[in-house]
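Q: Starting from the structure of chain R, add chain U where the hints point.
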Amino acid sequence: MSGKVIKLHFTIDAHDFSLAGEASSSTKKMLNQLGISPLIIKKAAIAMYEAEINAFIHANGGEADVEIGVDRIVITVRDEGPGIADLDLAMQEGYSTAPDKVRELGFGAGMGLPNMKRYSDRLEIKTEVGRGTTVTMTVYVREG
Amino acid sequence: MKVKEFAEKLELKRLTGESGLDKEITGVYACDLLSWVMSHAVKGNIWITVITNINIVAVAVLTEVSCIIVPEGLKVENVTIKKAQQQGIAILSSSMDTYGICCRAYTLLGK
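First to last, the protein sequences are chains R and U.
Numbering-wise (my numbering), the first sequence opens with residue 9 and increments by one.
Numbering-wise (my numbering), the second sequence opens with residue 7 and increments by one.
Among the clues, some could well be false.
[What the hints assert, rightly or not] Chain U regions said to be covered by chain R (calculated; three or more residues, Cβ under 8 Å): (1) 40 to 52; (2) 57 to 68.
[Stated by the list, open to error] Label pairs and their in silico Cβ distance ranges: (3) Val13/R / Asp103/U: 48 to 54 Å; (4) Glu30/U / Lys125/R: 40 to 46 Å; (5) Trp42/U / Val78/R: 31 to 37 Å; (6) Tyr103/R / Asp38/U: 44 to 50 Å; (7) Met38/R / Lys49/U: 15 to 21 Å; (8) Glu75/R / Asp38/U: 32 to 38 Å; (9) Gly102/R / Leu80/U: 23 to 29 Å; (10) Thr32/U / Lys125/R: 50 to 56 Å; (11) Tyr148/R / Asp103/U: 39 to 45 Å.
Hints listed in this document are in silico derivations from the structure and should not be mistaken for laboratory results.
We put the beta carbon where it would ideally sit given N, CA and C, even for glycine.
Chain R on its own, in the form it takes in the complex (with noise of 0.2 Å):
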């Protein structure tokens, strides 16, 4: 990455709710506010949505970080959760190992993974049963 980073860090708070979705609003705004073009902005911050909220539903929150840059935005998302045991399953549309209690809020529709990949450009995810899960997603800035 050249030039000048900007870096922002939030923490996923899962104990408010109230805050969910949180970290990707501030950083859409702020993608906002340097003049990216709105089709990049739209896809990090789907992207970082999903990731966001799969922190907050399955691993009790976590940490996020946002470096963006003159030629890519790169999220990074990681827990101290359960890990996900089978990464192909998981990135499968429909999937979904959200509780009842999850799903009746309109989460745990099985598209967090796949929305995730779809919306960025480079989708990275090291994950560990029983240790966490941290995903990294590059999406790249173009013109136009």
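A: Relative to chain R, chain U alone:
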């Protein structure tokens, strides 16, 4: 058409007062799965949903829908309303069901 005019024509209750009424409407999207809405709703859409918890505000902000309509006279939690007002999002309530709202929207907005 702006949210304000649409709300008046459909006699929608403005749960968030004057918040977000100036936004331009581009169409309608009806769905209750938040991730599905995140990936399919288009900027400026009216979003119709029976989900009323605070997370709908974040989804509305991120997708840039023009407003949220809750059908069938559903009650919306106060925290959701407060958050929507902070973020400049209009939440409107209708006594009609989702199909009814869509039909009325079609006559007003076309395809």
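Q: For which of the previously enumerated hints does the structure constitute a violation, in increasing order of number?
A: 4, 6, 10
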